[in-house]
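Student: Protein chains in written order, with our numbering: chain W, 1 to 662; chain D, 1001 to 1519.
Please keep in mind that the hints were generated in silico from the structure rather than gathered at the bench. Please read these numbers as outputs of a predicted model, since none were measured by experiment. Be a bit skeptical, because a hint or two may be false.
[What the hints assert, rightly or not] No more than 30 Å apart at the CA atoms, straight line, and that leaves these computed lysine-lysine pairs for DSSO-like:
#1 W/K580 <-> W/K54
#2 D/K1347 <-> W/K107
#3 D/K1447 <-> W/K84
#4 D/K1206 <-> D/K1112
#5 W/K37 <-> W/K50
#6 W/K50 <-> W/K223
#7 D/K1206 <-> D/K1071
#8 W/K50 <-> W/K30
#9 W/K30 <-> W/K269
#10 D/K1347 <-> W/K106
#11 D/K1071 <-> D/K1205
#12 W/K54 <-> W/K30
#13 D/K1447 <-> W/K494
#14 D/K1483 <-> W/K84
#15 D/K1322 <-> D/K1152
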Amino acid sequence: MASYVVSVDIGGTFTDFIVVDEDGSVAYFKDLTDPEKPDRVVVSNLSRYKGSIKEVLHATTIATNALLGQEKLELPRTALITTKGFTDVIEIGRQNRPRIYDLFFKKPKPLIPRELRFGVSERTMPSGDVATPIDPGEIMDLADRLRSLDVVSVAVSLLHSYANPSNERTAGSILSKVFRYVSLSHEVANEPREYERTSTTVINAVLMPIVSSYLDRLGRSLKDLGCGSFYIMSSAGGLVDVDEACRRPIQLIESGPAAGVIAVAEFSKLIGVANSISFDMGGTTAKAGTVIDGVVEVTSEYEVGGESHHGRIVKGSGYPVRFPFVDLAEVSAGGGTVIWRDDAGALRVGPFSAGSDPGPMCYGRGGARPTITDANLLLGRIGSRLAGGFKLDRGLAERGLSMLGDPVDVAINAVDLINIEMSRAIRLVTVERGYDPGNFVLVAYGGAGPQHAVELAIELGLSRVIIPPAPGVFTSYGMLLADWRFEARESFSKDLDSSFRRLEEMLASRVGGGCYFIRYADVRYAGQGWELTVSVPRDADLDLVRRVFEEKHRAVYGFTFDSDIEVVTVRVYCVVSRVKPRLGVFYQSSGSSVSSYGSREAFIAGEWVRARLYRRDDLPTGTSIQGPAIIEEYSSTTIVPEGWVARVGGLGELDIVEVGGA
Amino acid sequence: MVGWEVIHKASVFIAEEMGVALKRSAFSPNIRERMDHSCAIVDRSGRIVAQAEHIPVHLGSFRVGVENTLKWIEREGVELFEGDVIILNDPYIAGTHLNDVMVLTPIFYRGKLAGYAVNKAHHVDVGGPQPGSINPSARSIYEEGVIVPPVKLYSRGELARDVLRFFVENSKTPRITLGDLNAQIAANSMGVSRVRELFDRYGLKKVLEGWESSIEYARRSVAMELSSWPQGVYEAVDYLEWGDDLLDIRVRLEIRGSGIHIDFTGSSPQVEAPLNAVFGVTFSACSFSVRSVIGGDIPTNEGFYSAIDVHAPQGSIVNPVKPAPVSGGNLETSQRIADAVLLALAKAIPHRVPAQGSGTMMNVMMGGIDSQGSYWAYYETIGGGSGARPNGDGVSGVHVNMTNTLNTPIEIAERSYPILFSEYRIRYGSGGSGRFRGGDGIVRSFKALSRLRLSILADRFRIGPRGLAGGGSGATGSVTIVKRDGSRISMPSKFTIDLDPGDLVVIETPGGGGYGSTS
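My request is simple: use the sequences and hints to build the entire structure.
Tutor: Set out below in structure tokens:
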């Protein structure tokens, strides 16, 4: 009997599936997402594999959608318990406003209203000394009160609990007797900074009931299909089990995009690339992340529901979550991004998008504003016939662009503008970390990524671009290649090695052995308020940590200081290697034709050229194609400028390198 | 073929990227976490082409600062070479206060001056008698901190070590000063190389033309908006508290065609107190107010600035002459200038202007000697209520007008300084009444754990933020010190005091004004 490994990525519009058979053969397909019952689409599409599914790997947007008030998910009634005098910390935030020149600005509304926030008498000092022990009687009374208020989930965040969690633990053990869902701040985000830790804990508490019931339901349905093992993609870039996902559901935020970067990291390893930039461009947004020496770069600075500015989240515009996230810069740039002219006559692209409905004007579905896809069509960069025989209307695209001026000039400048927007976002991700983007390989996917990838590379001074096979479902591919990964952390450790060992023992007992550990430390110079995360070798003493830290500090900031270092947080990832499904030729190349099926005029990399046209499915391994060329496939188009050569690699990837002027 | 929009966007990104680099490498939380810094690309004639500012007070002061600095350089006959870096903090040139250190790096392209990369960042301490160099008792600028006129920190790529040592050693926190200064220099060099790349890629001529169009574009955007406003003259007056006196800020604002003329004639003469706002700050507060009421995303460049014409009489509180002390000018006075200008604008276009917000940054400065014998200094600001809007309530616990800096987390402050917080909460009911309520202020209370010196520079302790259209005023601010023996001292809005271990400080910030009458 066949035994399939399935990966499922539920996105906003589509649910993507990849099904891998034991012999490595691969099938992939898409279905529309059902926002109200996302699991139903999963079950209906997998029922045909009943009895032969070995494992399901899952990325979901349920956590994000619940928080953003999308999809009619009502937030469960949640209470917050803090140190007395500090119940408003989540309302004040960092006291900044997200937009400085907006007199009508709004701060994100606290997820827990004042009447459900309670202060208790207790106090822990920064040293970890308990100045005022918590009173169990007070907590018991409060628990009764919360029950009478129909609270279902409770968040507890006490000052300095990262230094000594004993007061929080006492509260937790009492509350757990009454409530099924209790989130303690030192368990959710064991690090200093009360607003961020409390916010993370509150979000966790709010998500717990939603995520638990969703995963319970899906898990039961999968069990009915005979599938016993079921794992979720975390935003830190590893798979976690259902228990961990329910305990710390905050790690499901950005689960899908994380899978994309993991796909890039793992695919890069397979083809021997150390440093890559993951670039995912779809209909409305483009996301960029980095992989350095095979390791996905993560950040713990994240705000869910935040607005972004030049690819970075505006501080104070959303709810902070302190958890390792795959570090992504996001810009409003996609095929559906609208091109317009403002009142003062400047040509603009975005941030609005025509999305997929009505979509670009050339779709002929009633779109009334020209988009990037219209520009790409008019410039000959994409063909007028898509997969499935869907025809794009060049006349409509031209009419739309003509509203803004000479249609060709408008199209050229619009493509330039969106390329700058995206390339600068990529630059910020690398520059912030002190790297030169020129030393990276760009791996582009998503429906629109391959259209712009090589031009972005030129803009950034990169000389190599990879377009993986089936770029439209590449995110789901990431889950198939991911390992299990569990995280734990501790702050202001008194003895590094014993802290690391304690965290490792705790994690080992969770996963039951068979794992290895990766140690990290968030380090700063004493007095700095911002830490750098560095990887810590085993048996490292403080001197070694200092050397590693200084190396990174020099890389990122360009200098070091002669002063003491301070280890703020130590962090351990426990990695359990998964036996990965054997992937055969992911991408079925049936043909042996190397010749182009035609050519057309196209505006590529700043000039009009006559580009040869190819069908990607026809190209056998080892084929080399000289630019200017356009390589078409189901749901994506790759553009190869003059002076670049695309070679079909052994895994079906297009490996595009600069060869200099023709 | 390349459109000016492409050059424009690329230049804006360079300024942003400089900001990212500066923030990432700075030492002090002021810059790193509170983002009290700004970066800009300036053309050869001193016009701002692209600016990334994270704090409104740097908005217009940058323009004044750059113009003054380039004039100074010309007047003094200083010649600039490739590899030079100029630093300065003289507020009468740089345009804010001593803490804001400006770094200007000329951009040479093929041997010729093509522009400047400029940034400004708030340094935690630049000398003087008080921690944080903001001295509420200063009677002249010489009692605030060390004054650095434009000097070359690098000359043709060579570091002037003596200049560096002199500057750094005047700070009570020399290590942080050095770190921040390094970050500023690095941010500029990155800006310089990015602008050169732009020249390489598109050609010098094309880029300069693009900058021109970008400035023209901003000018056009502002003109279109302003010409749709009701033309005419609108007046307002607001007050700053100094001892038992009130200092007047008088605004006569004229919307005329595509520009705005703001005249401060009749405002109080400069005072022997750090409440004088140098002209750069006054221009900044005007730019902030106009820009906020315009709304939308107007590029911050010369095109925008040129629509605003400000007249502030010399020797007044809004354009003092040396040696008037100025440290609080861009803290408290700037808030009040914005309040007054917004009040005048509310008369012109009532539906676009909310009631007054807290109107004080509630500056808290502390310092002392720690157990290891070294000096520590701590500076922070506390938000208040924002004013109610014509269409809704104000926001509680937030910074308004000219500042937008982050708070210092309690867990970080307690770990770093000998203080213990007992409260940090919304000051319920402090917002002004009305059809829409003003936002509430904040209560922040802490106990001194060792002997320390505390200074407060605040305002709105006597006159609360005003409501609009019949709305009530927001509650006034206050600072109370509860001594160990239980006695309570009610403090004025500006003071310095020594605290003993166990003394409790309770700070309450003002609420915002209400909008519309309740009936």
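Student: Are the hints correct? Go through all of them and say.
Tutor: Comparing the hints with the structure gives:
1. Straight-line distance between C-alpha atoms of W/K580 and W/K54 comes to about 12 Å, which keeps the hinted pair within the 30 Å bound.
2. With a C-alpha separation of about 27 Å, the suggested pair D/K1347 and W/K107 falls inside the 30 Å cut-off, and the hint holds.
3. As the CA atoms of D/K1447 and W/K84 are separated by approximately 15 Å, the hinted pair is consistent with the 30 Å bound.
4. Among the hinted pairs, D/K1206 with D/K1112 is consistent with the structure: their alpha-carbon atoms are about 16 Å apart, no more than 30 Å.
5. With a CA separation close to 20 Å, the supplied pair W/K37 and W/K50 stays within the 30 Å bound.
6. For the hint linking W/K50 to W/K223, the alpha-carbon distance of about 10 Å falls within 30 Å, and the restraint holds.
7. A hinted pair counts as satisfied when its Cα atoms are at most 30 Å apart, and D/K1206 with D/K1071 qualifies at roughly 27 Å.
8. A distance of roughly 19 Å separates the Cα atoms of W/K50 and W/K30; the hinted pair therefore holds under the 30 Å criterion.
9. For the given pair, W/K30 sits about 27 Å from W/K269 by alpha-carbon distance, which is consistent with the 30 Å threshold.
10. Note on D/K1347 and W/K106: the hinted pairing holds, with a Cα-Cα distance of about 24 Å set against a maximum of 30 Å.
11. Distance hint between D/K1071 and D/K1205 is fulfilled; the C-alpha atoms sit about 25 Å from each other, no more than 30 Å.
12. Of the pairs offered as hints, the one joining W/K54 and W/K30 holds, with about 20 Å between alpha carbons and a cut-off of 30 Å not exceeded.
13. At roughly 27 Å between alpha-carbon atoms, D/K1447 and W/K494 fall within 30 Å of each other, so this suggested pair holds.
14. Of the pairs offered as hints, the one joining D/K1483 and W/K84 holds, with about 22 Å between alpha carbons and a cut-off of 30 Å not exceeded.
15. Taking the CA atoms of D/K1322 and D/K1152, the gap is near 23 Å; set against the 30 Å cutoff, the hint holds.
Checked against the numbered hints listed earlier, the structure breaks none of them; every hint is satisfied.
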